[in-house]
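Visitor: Sequences listed follow chains A and B, in order. Per our numbering, the first sequence starts with residue 38, numbered consecutively. Per our numbering, the second sequence starts with residue 38, numbered consecutively.
Read the hints as simulated data drawn from the structure, not as lab findings. The structure presented is a predicted model; accordingly, all values stated were derived computationally and were not measured. Any given hint could be a false lead.
[Said to hold, decoys possible] Covered by chain A, according to a simulated footprint, are these stretches of chain B (three or more residues, beta-carbon under 8 Å):
(1) 64 to 76
(2) 127 to 135
(3) 184 to 191
[Unchecked claim] Result set (BS3-like, lysine-lysine): computed pairs, CA atoms no more than 30 Å apart in a straight line:
(4) 425(B) - 116(A)
(5) 143(A) - 425(B)
(6) 139(B) - 493(A)
(7) 76(B) - 116(A)
(8) 85(B) - 76(A)
Even glycine gets a Cβ: it sits at the ideal position worked out from N, Cα and C.
There are 2 protein chains.
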Amino acid sequence: MSPKAHAPNNHDDTIVALATVQGVSALAVIRLSGKDSIKIAQTAFAGKNLLEQQSHTIHFGAITDGERTIDDVLVSVFKEPNSFTHENAVEISCHGSPIIIKEIIKLLLKNGARLAQPGEFTKRAFLNGRFDLAQAEAVADLIHAETDNARQAAHNQMRGGFSQEIKRLREELIHFASLVELELDFGEEDVEFAKRDDLKNLILKIQSYLQVLIQSFDQGNVIKNGVPTVIAGKPNAGKSTLLNVLLNEERAIVSHIPGTTRDSIEDEMILGGITFRFIDTAGLRDTQDEIEAIGVGRTREKMKQASLILYMFDLSQTNSTEIKQEEDELKLLGVPFIKVGNKVDKANRFILRSLENQDFVMISAAQKTNIEELKNLILNQVHINTVKQGDVLVTNLRHYQNLTMTFDSLSRVLKSMDDGVTGDFLAMDIRQSLHYLGEITGEITTDDLLENIFSKFCIGK
Amino acid sequence: MSPKAHAPNNHDDTIVALATVQGVSALAVIRLSGKDSIKIAQTAFAGKNLLEQQSHTIHFGAITDGERTIDDVLVSVFKEPNSFTHENAVEISCHGSPIIIKEIIKLLLKNGARLAQPGEFTKRAFLNGRFDLAQAEAVADLIHAETDNARQAAHNQMRGGFSQEIKRLREELIHFASLVELELDFGEEDVEFAKRDDLKNLILKIQSYLQVLIQSFDQGNVIKNGVPTVIAGKPNAGKSTLLNVLLNEERAIVSHIPGTTRDSIEDEMILGGITFRFIDTAGLRDTQDEIEAIGVGRTREKMKQASLILYMFDLSQTNSTEIKQEEDELKLLGVPFIKVGNKVDKANRFILRSLENQDFVMISAAQKTNIEELKNLILNQVHINTVKQGDVLVTNLRHYQNLTMTFDSLSRVLKSMDDGVTGDFLAMDIRQSLHYLGEITGEITTDDLLENIFSKFCIGK
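Just chain A, same shape as in the assembly (with noise of 0.2 Å):
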């Protein structure tokens, strides 16, 4: 896993790759990329010679193995380095067909292209030059993005969000640690190339934008990932019925979006722009005999793993006492909750005058009775501004690490140079801290770095 600064494209084959969801539509766009893209496509088709057209230009004709049409379809040409690759690429708009598909890709297999992998595009886009390994990585996060400020925040990362300063201030560091490196040349005579206090405010500079990154990302992982909300309570106070209410009420909302359908939305609602992520809690309601303990245990658990608690009374079940205790635990947890009253309509009025002033939500979920202010609750709850055209936020749990390793290790370069190490040891934290940032952007990667990265896209981006 020796690290390498990125190799220029070696690439020299041609990929295909179905780049619109598979289905039956109007349309379908297949992808090719490579040095050699135009000429394959244009062994495929009949009407105008490709490989003498401009590039940016779309040529109808059709797709013909020599003795059958598969086809008709408009080819778009792009010619290197004016493409998503900076490859020669070409895009065969076909009928939305899997058997056209499926027969079209068929085809320019047999005449040399092979399939790409998945995120295979967009890593020949970052190793071209293209653009970093974090605006790459957004590309995979804008299109996932499930609301709209998870789409402006990987937008304005794939437009250079934090990237053009790290590479700065990186620069600025490369500079230093040249200078210390070049002391060590000199062995014993005790030279001071690189100033001590200069390179000590460059540091607390650095840390000090990457400082602004790292508390960033709380928003930007609530942002990107959503909420982590458990619906906790006793057996039978209405978890089930409350989260059906809330998801049923924004599935109704989140279906006008044409098509939002990820693997699963089973257990998530989309309220002011943020997800709220459901965490099955099956454990509360699995109380019984010895299982009892390990059940509440683990629901405790998930309970503490949650960014917000809906806890929920049954108020035609409970009295003071009980309140009162299951309020004690719920604050023990440290998680931010909410209190909710539920089968408010089956509550007697002691119960009610004794909660009166006190900050419970009263609800009946079997009812939908106040589902709404216990939404703006929920709402009130997660502190998120409109992420603006602009904004840059980390919303990547990989930043996120190297940006606190690069924070560490480069307050271990300021601890070494106030305990007077020698230049060599210096050196070497100073590449440590390179290294890590140079991770960020990509100016440093490894083979496994970029397979588990470039993996997680999908086939055709």
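Model the placement of chain B on the given structure of chain A, informed by the hints.
Guide: Coordinates of chain B only, in the frame set by chain A:
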């Protein structure tokens, strides 16, 4: 429902729709068509001035509402009449994200476009003379094709198919019709501008062409809609097991074709390029008490409607007399059938010997024995030639019905001539034939007819 020649396009508005399948993917294509489509795209586009660009060119830029950039996109410009619809048209290729698609379409709607109705792009292409109605219908058949034969048949029809010949013959008939009608102007004078012998010859020529088309529907229908197949037999003969074996084996192959997931391929098998559609015969299984009679009756009805019956005998449970009896009943239905001896591994050798030299295929559905031989037999029952480029094949029920009605009304014309009816009745008969013929290619349409055809298209097509 007054018939009318298809009007010139009076749609001044610009329509917009997603043209690719909704979902998460590398790309999605949003399509605009109409006089102002380039202008409307320009209002949402930061980049070059699209209005100044040549047709069939692609432009990189951003979709923006002025404050927020929604996505970086490629915009393709098509200028009338050089587009699918023959109108100004724009295709916006954005990142394949439901949120982005929604935001871009919302913005275009705000800026003056309106959401396209199902099939409206193709309808406009038809109304603007891009192709005739039979060709327009082939576009839908093309994207829904499940086999390569169905694709080729649809493609042939889209490329023209029988349209030219039908139009030419109709022109000749119109010529005669006008001569006959001219005779009417001369009232009592007993002139004969339309030579009766020539008219008769033309009608016979048209009928002989229609006959070929009408006869091709048997094949065309199988290619488009598949072979309705029933698996029948006594309870516990192994019908479900066989169905599952056939479906699962072929399902594995089908799933290699990326995304042939239509609404339901529950009971469908593609074998040798032909779709076999299994008809549920639950009735056969529900044979209890008085219900029995009804159930058997229903199943027999479904068997009669099938094009092929796989009739199963449980060889471990039957005897020669029973087999003979079942065979006799089967023959009465007049539907092609294959006799399947199941559970061959559990059959006694008397049974096996008695069936020697009989046209039984011996299998074990549970053991998956001899399934290949059964499949070959199934395929041999359906005599379908591979559809070649240029083959003219009627696959559309509407066309088939109109061709048949035209044929019959032309027979009435011939009979009228033999009966020596007066010119005005003759003219009426000819007009009826012209009407049916004209409806096929859409030279005569009604709003209802168009509504009926295009509402079955998907949105974006």
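Visitor: Need the list of violated hint numbers for this structure, in ascending order.
Guide: 4
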